[in-house]
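> Sequence:
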Amino acid sequence: MKISVVIPVCNEADNVGPLAREIQAALAHHQPFEIIFVDDGSTDGTVAAVQAARSGGIPEIRLLEHSQRCGQSRAVCSGVEAARAEWVATLDGDGQNDPADIPELIKAVAAGDDQLKLVMGNRTTRKDTWLRRFSSRVANRVRGGLLRDGTPDTGCGIKLMHRATFMRLPWFNHMHRFLPALYQRAGARVVSVPVRHRPRTRGISKYGLSNRLWVGIVDLFGVRWLILRNPPSIRIRESLPGE
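Counting along the sequence shown from 1, when you hit position 47 you're at 47 in the working numbering, and nothing is skipped either side.
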């Protein structure tokens, strides 16, 4: 398995089919791959839409279903845990990330060194309302100032992650907002790549000012504490290997 793509979805029935077809087309030259939809307690036809997309000619699709709504971070973790590839790409389920950008993230990994473990998308041109752009700008500025992660767009849904490194990170709710800092804490290098961003044309946004700008303030200081308490990175050499 060359690459796994994880998409957390909640009430995105209209977006599932078009998004799956775009992913299939974008990764035509990166086979074999898998597309893992993680349904986080949808109450519409999202599950049926995923099933229809697979039976309609996209056999790479897998479906995980949460028994109850747990949030985006838990959905991402569920997908990464189930992924079978060394590298895992994530996309938001609202269709605003362009799957055609995934190969650019793969190129960044190929051009990097062994320390590169996370490639973040950077939405240079946002196609959102002014409120969402404002709240994201403030959140990114505050996070960047406290965590010094050098990442201009930590909230971007499209990214490419080294799975084994992700599995060693401390898990907590909303951790997906702090992945660059967490990867750097683990001794990994993180780079950002410009990506496209599209307006939402189907479905309803799950985020607003209250759950985008203010949520996670406690987590922000928690991550800062983790960074300060992290011991310096060391390299381990086995001088007497076992037989």
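Hint data in this document are derived by calculation from the structure and do not stem from the laboratory. We put the CB at the ideal spot given by N, CA and C, even for glycine. Check each hint, because a few of them may be wrong.
Okay, derived cross-link-like pairs now, DMTMM-like style, lysine to aspartate or glutamate, Cα gap no bigger than 20 Å in a straight line [unchecked claim]: (1) Lys107 x Glu34; (2) Lys2 x Glu65; (3) Lys107 x Asp14; (4) Lys2 x Asp44; (5) Lys107 x Glu81.
Cβ-Cβ distance ranges computed for the label pairs, FRET-style [what the hints assert, rightly or not]: (6) Leu228 x Met1: 19 to 27 Å; (7) Gly17 x Asn173: 23 to 31 Å; (8) Pro241 x Val47: 24 to 32 Å; (9) Gln68 x Asn230: 14 to 22 Å; (10) Pro103 x Thr165: 41 to 49 Å.
> It remains to establish, for every hint, whether it holds in the given structure.
Going down the list of hints, with the structure as the test:
{"no.": "1", "hint": "Lys107 x Glu34", "in the structure": "holds, 18 Å"}
{"no.": "2", "hint": "Lys2 x Glu65", "in the structure": "violated, 24 Å"}
{"no.": "3", "hint": "Lys107 x Asp14", "in the structure": "violated, 30 Å"}
{"no.": "4", "hint": "Lys2 x Asp44", "in the structure": "violated, 32 Å"}
{"no.": "5", "hint": "Lys107 x Glu81", "in the structure": "violated, 24 Å"}
{"no.": "6", "hint": "Leu228 x Met1: 19 to 27 Å", "in the structure": "violated, 37 Å"}
{"no.": "7", "hint": "Gly17 x Asn173: 23 to 31 Å", "in the structure": "holds, 30 Å"}
{"no.": "8", "hint": "Pro241 x Val47: 24 to 32 Å", "in the structure": "violated, 49 Å"}
{"no.": "9", "hint": "Gln68 x Asn230: 14 to 22 Å", "in the structure": "violated, 33 Å"}
{"no.": "10", "hint": "Pro103 x Thr165: 41 to 49 Å", "in the structure": "violated, 21 Å"}
Comparing the model with each earlier hint shows violations of hints 2, 3, 4, 5, 6, 8, 9 and 10; every other hint is respected.
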